[in-house]
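Line by line, the protein sequences are chains A and B. Here this note's numbering is used: position 44 in the first sequence is 232, and no number is missing along the way. Here this note's numbering is used: position 279 in the second sequence is 507, and no number is missing along the way.
Just so you know, the hints here were simulated from the structure itself, not pulled from any lab data. Treat the numbers as computed from the prediction; the structure is a model and nothing was measured. Glycine residues also receive a C-beta, built at the ideal position from the N, C-alpha and C atoms. The reader is advised that the hints may include incorrect statements.
[What the hints assert, rightly or not] Calculated Cβ distances over 10 Å to all of chain B for the following chain A residues: (1) Ala215; (2) Ser264; (3) Leu308; (4) Ser388; (5) Gly461; (6) Gly483.
[Said to hold, decoys possible] If you want the footprint, here are the derived chain A segments under chain B, 3+ residues with CB under 8 Å: (7) 217-231; (8) 298-306; (9) 313-319.
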Amino acid sequence: MSPASAASPAPGTSPARSAAASPAPGARTALRTALRAGLQRARIELRQQLTSAQDVWGTLFFPVLSLIVMYVLRDSRVPGTGFSLGTRSVPGVLGMNVVLGALTVLAMTLTMDREDGTLLRAKATPHGVPGYLTGRLLSRAATTVLGVLVLLLPAGFLFDGLELGGAQSWFTLAWVLALGLLAVLPWGAVAGASFGSAQSLGVLTVPVMLLMVISGVFYPVGAFPGWLQWIAQVFPVYWLGLGLRSALLPYGLGAAELGGSWRHLETAGVLAGWALAGLVVAPFVLRRMARRESGASVAARREKALQRPV
Amino acid sequence: MDAEVTAEDGEFTPESPYGPPGRPAPVIETRGLRMRYGDTDVLRDVDLRVYEGEVVALLGPNGAGKTTTVEILEGFRRRSGGEVRVLGADPDGAGEAWRARLGVVLQSWRDHGKWRVRELLDHLGRFYAPYSTPDRRRPYPAGELLSLVGLADDADTVVARLSGGRRRRLDVAVGLVGRPELLFLDEPTVGFDPQARREFHAVVRELAARGDTTVLLTTHDLDEAEKLCDRTLILAGGAIVADGSTAELAARVSGTAEVRYTRAGRRHTRRVEDATGHVRELFARYGAEIGDLEVRRVRLEDVYMSIVRDFESGQRTYAPADLTEVPV
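The task is simple: from the sequences and hints, build the whole structure.
Given below as structure tokens:
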């Protein structure tokens with residue numbers, strides 16, 4: 189070793205800490221460090237997303253458009269009640285936003301990160317992939333929650349009958365959002381790992397949109413045929429919407445839902461089920477994705493991207 | 229996630245003595261390395277060794293398998309056969325503690341375009357902190373690293389706004405942020421203008437002068453290998469066909485000459501030991517049929533260029549005889 193390299197100790201690292209570090213640190217210590225670095229990554233990515241006009245526009249365009257449509261429809265009534273159909277749909281729009289953010293956008297981000305080599309960079313770094321995923325998942329979750337809160341503000345002024353005053357509303361909103369994100373984010377990651385390119389992900393948009401329609405985001409499921417109601421109740425989108433409605437709408441409106449109540453227990457059960465299944469499946473799929481990553485595969489994807497007509 | 233495998237776990241002990249006497253075990257060692265895609269052997273039988281502190285060029289035409297070789301050594305790609313040791317471990321499943329000792333600069337990166345230069349170096353550096361030792365402080369402080377690669381003025385620049393050459397310097401900085409014992413540079417100067425290339429060479433030389441980082445760089449530019457490296461390995465036809473300093477390689481082929489001529493309207497090129505004798509015989513046999521006679525001493529570059537030409541036009545699939553004579 190030359191004197192030049194040895195004579196320049198890092199200003200940031202204290203001698204005591206460096207001396208304490210053994211040549212082969214415990215894998216757990218290193219992993220913990222990587223996960224902490226993932227938190228830093230989440231903060232930086234969040235800042236990037238919030239300061240990019242394009243990202244903000246992309247996140248808010250659909251929900252704002254939907255809120256405008258709902259505002260126009262505010263005089264229509266929920267079938268069987270005197271309640272405004274527009275107000276009733278506000279939680280649905282928020283739920284749609286959560287699904288778009290946690291599933292579609294996350295999947296798109298992962299495929300893009302594979303295309304430009306971000307994932308490969310993580311793979312070249314010790315414990316880089318868990319660090320990278322921590323950052324991506326947390327920043328996505330944070331953006332999604334912020335998106336919901338930002339939409340609630342104008343909605344509170346535009347629509348009559350939203351229950352935004354009570355602690356109960358916010359408590360329900362918090363656990364439904366948290367459980368909803370846990371139920372959807374892993375599947376967004378699985379989709380992102382499974383599709384070859386951001387373009388081919390377009391295929392995913394169709395079933396997701398279809399799912400939102402049958403899950404009663406815009407129109408109560410009660411009006412649909414029975415078999416369609418059953419399909420809707422298998423997927424988390426319906427339950428996310430139901431949970432958000434139970435948080436934001438008057439308690440009595442639960443009677444207009446399937447089963448005649450807000451069904452909190454079932455909501456928690458189904459969302460937790462999807463979360464558990466996702467947390468079991470996602471690590472396998474993500475590990476396979478990381479294992480397959482190499483410079484050649486990044487180059488091949490870029491080649492393909494360049495050949496695509498713009 | 230990954231099982232930690234330390235260098236001591238392996239049961240593979242390199243036969244000694246390898247290479248010059250008195251040298252420690254090589255940092256990189258492959259024996260009979262093979263890589264097969266479908267029906268094609270990209271690497272047939274690669275034997276190479278790189279020792280601590282060396283700067284070694286892996287030279288070869290496009291498609292010779294340089295990148296494949298490097299990706300196998302980096303642990304990014306699973307080989308089809310043969311034995312490989314890098315920093316004392318098999319790269320296939322060597323774990324994160326091993327990974328922390330490597331620096332990787334791939335052919336081209338476009339990642340983290342929205343990040344600021346210093347922010348990215350600081351972030352990636354954090355992953356290496358647990359692997360710091362008293363004589364190898366990890367990570368490399370971002371400020372020092374930026375000065376080393378000549379990016380001090382761009383610390384707050386957004387990565388996507390860097391020019392090609394500056395982006396490449398950042399890639400090298402990222403490769404160095406863990407203060408690696410072994411650095412891989414894959415085609416580091418492709419697409420550089422001469423100025424950027426010169427500046428990049430200065431960075432690598434600076435690194436080599438410090439002596440604590442072994443460097444394996446791939447290139448298809450003989451000139452680059454000659455300027456930067458202690459030793460050059462030529463990869464062709466899926467095997468290492470030449471190994472030595474540029475001077476040694478040149479000495480191997482300096483005895484030969486190339487004779488070009490036309491006979492009956494067809495062009496001929498012969499590589500011979502005794503040019504004078506060959507020409508005398510040509511005239512004795514064909515007399516006035518011979519035209520456009522040209523005799524040139526063969527330089528290493530000529531040999532290398534002819535390999536490149538032949539491989540690229542698919543005329544040759546195995547190493548040329550005049551290079552296989554070089555003891556590997």
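Coverage criterion applied to the stretch 313-319 of chain A (partner chain B; beta-carbon cut 8 Å; 3 residues)
It holds, with 7 qualifying residues against the three required.
Confirm or reject: A:Ser388 is not an interface residue toward chain B, with every Cβ-Cβ distance exceeding 10 Å.
19 Å, holds
Verify this for me: three or more residues of the stretch 217-231 of chain A with a beta carbon less than 8 Å from a beta carbon of chain B.
Per the Cβ count (9), the hint holds.
Would the non-interface assignment of A:Ser264 survive a Cβ cutoff of 10 Å against chain B?
43 Å, holds
Beyond 10 Å from chain B, beta-carbon-wise, is A:Leu308?
7 Å, violated
Any Cβ of chain B at or closer than 10 Å to A:Gly461, or is the non-interface label fine?
Holds, because the least Cβ-Cβ distance between A:Gly461 and chain B comes to about 25 Å, which exceeds 10 Å.
Find the nearest Cβ of chain B to the Cβ of A:Ala215 and say whether that gap is larger than 10 Å.
4 Å, violated
Could you check that no beta carbon of chain B comes within 10 Å of the beta carbon of A:Gly483?
4 Å, violated
Assertion that chain B covers the stretch 298-306 of chain A - criterion: three or more residues, beta-carbon distance below 8 Å:
holds (count 4)
In the structure shown, a violation is registered for the earlier hints numbered 1, 3 and 6, in ascending order.
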